[in-house]
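Let the hints inform the model, and build the full structure from the sequences given.
Chains as they are written, first to last, in the numbering used here: chain A, 96 to 343; chain B, 96 to 343; chain C, 96 to 343; chain D, 96 to 343; chain E, 96 to 343; chain F, 96 to 343.
Rather than coming from a laboratory, the hints here were simulated on the basis of the structure. Just so we're clear, the structure is a prediction, and the values are computed from it rather than from any experiment. A portion of the hints provided could be inaccurate.
You can't tell identical chains apart in this list, so a pair holds if it fits in one copy or across any two.
[Stated by the list, open to error] With a cut-off of at most 35 angstroms between alpha-carbon atoms, the simulated DSBU-like pairs for lysine-lysine come out as follows:
| no. | residue 1 | residue 2 |
| --- | --- | --- |
| 1 | K323 | K198 |
| 2 | K252 | K281 |
| 3 | K227 | K293 |
| 4 | K281 | K323 |
| 5 | K193 | K293 |
| 6 | K193 | K281 |
| 7 | K198 | K281 |
| 8 | K193 | K280 |
| 9 | K227 | K144 |
| 10 | K144 | K252 |
| 11 | K198 | K280 |
| 12 | K330 | K193 |
| 13 | K323 | K227 |
| 14 | K249 | K281 |
There are 6 protein chains.
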Amino acid sequence: MQLHLSTWPEIETYLQTSTGIIFPIGSTEQHGPTGLIGTDAICAEVISKGVAEATGALVGPTINVGMALHHTAFPGSISFKPSTLILLIRDYVSSLAKYGFTKFYFINGHGGNIATLKAAFSETYAYLDDLKIPNADRVQCQIGNWFMCGSVYKLAKELYGDQEGSHATPSEVALTQFAYPEAIKKAPLSEEVSHQHKIYGAADFRRRFPDGRMGSNPDLATPEHGQKFYELAVKELSNSYLEFLSAE
Amino acid sequence: MQLHLSTWPEIETYLQTSTGIIFPIGSTEQHGPTGLIGTDAICAEVISKGVAEATGALVGPTINVGMALHHTAFPGSISFKPSTLILLIRDYVSSLAKYGFTKFYFINGHGGNIATLKAAFSETYAYLDDLKIPNADRVQCQIGNWFMCGSVYKLAKELYGDQEGSHATPSEVALTQFAYPEAIKKAPLSEEVSHQHKIYGAADFRRRFPDGRMGSNPDLATPEHGQKFYELAVKELSNSYLEFLSAE
Amino acid sequence: MQLHLSTWPEIETYLQTSTGIIFPIGSTEQHGPTGLIGTDAICAEVISKGVAEATGALVGPTINVGMALHHTAFPGSISFKPSTLILLIRDYVSSLAKYGFTKFYFINGHGGNIATLKAAFSETYAYLDDLKIPNADRVQCQIGNWFMCGSVYKLAKELYGDQEGSHATPSEVALTQFAYPEAIKKAPLSEEVSHQHKIYGAADFRRRFPDGRMGSNPDLATPEHGQKFYELAVKELSNSYLEFLSAE
Amino acid sequence: MQLHLSTWPEIETYLQTSTGIIFPIGSTEQHGPTGLIGTDAICAEVISKGVAEATGALVGPTINVGMALHHTAFPGSISFKPSTLILLIRDYVSSLAKYGFTKFYFINGHGGNIATLKAAFSETYAYLDDLKIPNADRVQCQIGNWFMCGSVYKLAKELYGDQEGSHATPSEVALTQFAYPEAIKKAPLSEEVSHQHKIYGAADFRRRFPDGRMGSNPDLATPEHGQKFYELAVKELSNSYLEFLSAE
Amino acid sequence: MQLHLSTWPEIETYLQTSTGIIFPIGSTEQHGPTGLIGTDAICAEVISKGVAEATGALVGPTINVGMALHHTAFPGSISFKPSTLILLIRDYVSSLAKYGFTKFYFINGHGGNIATLKAAFSETYAYLDDLKIPNADRVQCQIGNWFMCGSVYKLAKELYGDQEGSHATPSEVALTQFAYPEAIKKAPLSEEVSHQHKIYGAADFRRRFPDGRMGSNPDLATPEHGQKFYELAVKELSNSYLEFLSAE
Amino acid sequence: MQLHLSTWPEIETYLQTSTGIIFPIGSTEQHGPTGLIGTDAICAEVISKGVAEATGALVGPTINVGMALHHTAFPGSISFKPSTLILLIRDYVSSLAKYGFTKFYFINGHGGNIATLKAAFSETYAYLDDLKIPNADRVQCQIGNWFMCGSVYKLAKELYGDQEGSHATPSEVALTQFAYPEAIKKAPLSEEVSHQHKIYGAADFRRRFPDGRMGSNPDLATPEHGQKFYELAVKELSNSYLEFLSAE
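Pasting the structure below:
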């Protein structure tokens, strides 16, 4: 069930049986010479829709831009400052908490979002408490990182070994190929790629990772792999969401 | 050409021939008993893609949530505070201005966004100037409200007369029916509907417009109408975008 | 009745019969070679006092600075960032809403304020709601732009035709001449003046409009014209204020 | 010379001989049963105009609202939060510093503004430095509190002794009577008045000072006294301003 | 009693007999060629602990960084912007006010903190009021500047006369020598030292006061003097704190 | 070498051989019935001083308060909002980056700080870039969590097994006992303790963890254990700091 394809009376009805909602959150950032700039948002979105179908959950509109300041030396990347993203999350959650939503599950496609999301959750709990929203102390936010699912991680290791890397990975590229087969990109990739993990500012990032990849070989990706990743992530995150919903 | 389905080298190439980008901006808000909560985002998104195809423009990811505080007494509506939306626009535009983008065209589906967008543009011009971005004084932002296109307005008048109203209108509902025929909703509508235009806070709005409509009869909408609105809006906004691009 | 010339017990008494207040809001910005930098504030102030006399309304102190970032390439202009002006309005309205004021009428002399004011109103309604102020959902803000009064517009057209322009207009200059006949300025005006309406950043504005005028010929202004504009604006805005006061 | 009654070319000319500007800053706050709510702004404004005449200085528009949160349990008081006033000062000073103004002299009518003004100056110096404004390290801000002038203080002591008090004082009331003889208010004053100086929050203030006065007897004020205070303050602050202008 | 060396049940117990807490607040800023960068924090901390012992008060952790923007042209100085320090104070006070603390006494070692602290207190009272904290209107904040104690001032005058100066003073240096005899620094001091008091931005400060001292001769300091200053300050501020605690 | 016990010329000299600085960051929060409220700050501080001695590093003043909103239902806890802590870090780092510091190493005692610190680092890199600080793209921030050192973790497992828990742990309590043997607290501990790891808002936290412990048995702590943890952490973090310093 998609929030954007629902009416307000339908949401009113939904709230009688569930107070949970899923938000896909991605990023708009470079993913190497062949990865799509929308990779993280695309992955989060398709998996979220899969989880929503599997669990009957409501899924909100995709948060397309995230915290990607370190990618902003590559044309096309857009980033929130962390302080902006904190306010965005506060506004989303507080809007919905007033109607009775209490379980906010963010299916996340971008590692760089995690810290700011967690900071945002803390900021938001305190904000809701300050507002004296009736159920403020029942509101819970949780992140489900599809790329950190055990089954996803295991498959990526099997398929790609060390060439999975940590940015513009074949696994995420595969998933976008599955979702948008018409947008599969090819370009020559340098064989050399840095296997560092250090991330500081944008200029520093580009010096370390000149073509945007972090230790990855996205040439290994196929749409068929992408489908498998999709299925594994949907299954694992569906369980995670249902557990989150039923937990105290 | 979609930013999300492009790679960063493709954007680098694009910038050699154009420094323009289109952003669809909508809202996540109630649209009466039968209108979709995503109406404004859906309309902005499909029209933006149409304009991008017609003009070769780059289109960024949809800004799904807007300034809809007055709709937040209806379950499912999400709103930014204006101060948050200003920061969002600042972050989007300043991220891209650093790469050389100078023409930002926001195809807008929600009247409530206009004032805050204009405030955000002013805030952003000054911010870019403070940052001493090389082309700061060449950055221009413009809003294209599809629902205010002359041809759209005229057709709505012809088809619906006074029953067009000003929120949850048959024209925007029609456009969503064209875009998502599988999500056409039916529900009994009260014959009485307020024809006021006053908008203040959220509780006040719900008192004035109990089911969310403002003077509209969305029952008149059909997917066929939607297609016509789509075509008119794409045509008119394509011209508007090209004129914006070429203007000094 | 002026807030600044009243005592607090008088305000307490006033609130027993009216919960309305008028704020003049102008700007401190260049108005071409001969227009006063305080033009917008002066116009808003004198008209507000006229409306207050005509209606028995309370009038607050003039907001002398507004959103005029695009004028800040001309010496003497002062501007708030939109984000600052939003906080200013929030502080004004929330201070007074706590005492029971509910109807805030801003008589505005500057087009550039409109978008930010509207954004500020939305921000403020939500803020009052968050504060749980007893009458939060009854607070209403409205803008009365004197220069957009039908009767004013009509007279300007009659007197000046196309030479009215859209900034440093003879109508506003005339009104300041009526208010401050001792400060009538003369300077040679170039015959050429741009008739564009595009407004982006400050440096861009000065390129388009080198002497600050937008399509206007302020030489046509006379104090006698000013008096007529004054009388028309006071009459029309007095009606508008009274209607606002009595409306639900 | 008043900024509001000048044109931008006149300011451009003024800057060739002086880079100083005076801003009157007051407050909109209760001043006891008979003192005007605008007292602090009125005093600052009339003295500023006097100083400007005496020294040839440029005087900007009056900042009518200040930091008066502790007065907001009395109807009619309006206050900025300190964080808002800091932004206001930053916007004023940075707007003008870009044109070459370097000496900002704030003639202040309200003790409650002093701390926030000083904080704002520090914030602003750092902001200008961040912006890399050419003359950032030459910008200086100074406060001239008319009520703390030695000559003013001495006269108040002579005329009123202990009945001068510290808020709604006869000296400031006298000055407003001189400025606005048509707005002299009379009301019975309780003989008892607290001589405390403690100021915390708004509710606490009203408990301590039920009618708004702090140890003062404003009944002693006369317009003639007001004229003397005016003359003394203008003389002393004119010297202070000139010294500020010429100091390194 | 130190907050950092207590458990939460001990604080719960403490609150049954006292709702007061002391916070040492200093700065991290240059203190001339021989003064410690931590001088202001060290002084505030040792005196606070002395006052806490003398009065049974609870003392919180030291606020080590303050508002020292004007010292930031000397390596090692760290400063909050005033707007940051305001938020810090708001967070400290509001955290504790929720448990029932009402009397916040800041023992301050840095003149540059005073204005921002006072602004922060006003901001905080209003914030607590907005939050509807039960005892919001009983919360009181007060500053105790050890260096402005009458007895301290008198001794400094006796010992150092004009060579006390106003920054990097022998009195504060003496106190740090008493507290950290192992960190007594020696360096040649120029005989010339400016006796100005003007403080604007950081670059300006360094031009006026090239080695960081303001009119002082810290060579006169001895640890024995420091002990005397310590004892005088502890005694005077202990009385001040107790008076604050018992006052309405 | 301690920043607080140094002079500015000493820092100038230090910068010629190293551009690194260590900041201890802790928290002021409940640590169960017997753990000190200052536990996290104390641990970070003593270890930081140890690392500074071992490596010749400069160590700044302790950041005593952190992000502990979830602990604020226990008297004595103080927390920054994440948005405040982000500004604090920005101010610290940008103050020092202007002098040439480039390597900021935060020795952290509180898990709840990690997310906000990481968000703050991203915000700060972008801020420094906006300021055009010469070495902006060389500034690096890193967190060293003492409690996550491999050797520390291993010893805790050996000594306490499952009774280590995740808050108010015997290992951190032991370290404070080593640092402050005079402040060892005893109190009866319930045998039952929740082994959950879920953390949401403050009220929720107290419901889950009524006495503040998370699965821990701090009774097992001894000062001797504390010394061992201290030595292991100093050794491991010294290596980590030196590696950070020398890394590109």
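Hint by hint, here is what the structure shows:
1. K323 with K198: within (28 angstroms within a copy, 40 angstroms between copies)
2. K252 with K281: within (23 angstroms within a copy, 49 angstroms between copies)
3. K227 with K293: Intra 41 angstroms, inter 22 angstroms, cutoff 35 angstroms: inter-copy only.
4. K281 with K323: Within one copy, since 21 angstroms is at most 35 angstroms while 38 angstroms is not.
5. K193 with K293: between (40 angstroms within a copy, 23 angstroms between copies)
6. K193 with K281: between (47 angstroms within a copy, 26 angstroms between copies)
7. K198 with K281: between (41 angstroms within a copy, 29 angstroms between copies)
8. K193 with K280: Intra 44 angstroms, inter 25 angstroms, cutoff 35 angstroms: inter-copy only.
9. K227 with K144: within (33 angstroms within a copy, 37 angstroms between copies)
10. K144 with K252: So K144 and K252 pass the 35 angstroms test inside one copy only (25 angstroms; across, 37 angstroms).
11. K198 with K280: Intra 38 angstroms, inter 27 angstroms, cutoff 35 angstroms: inter-copy only.
12. K330 with K193: Within. Shortest intra-copy distance 30 angstroms satisfies the 35 angstroms Cα cut-off; inter-copy 40 angstroms does not.
13. K323 with K227: For K323 and K227, the Cα distance exceeds 35 angstroms both inside one copy (45 angstroms) and across copies (46 angstroms).
14. K249 with K281: within (26 angstroms within a copy, 46 angstroms between copies)
Checked against the numbered hints listed earlier, the structure breaks hint 13 alone; every other hint is satisfied.
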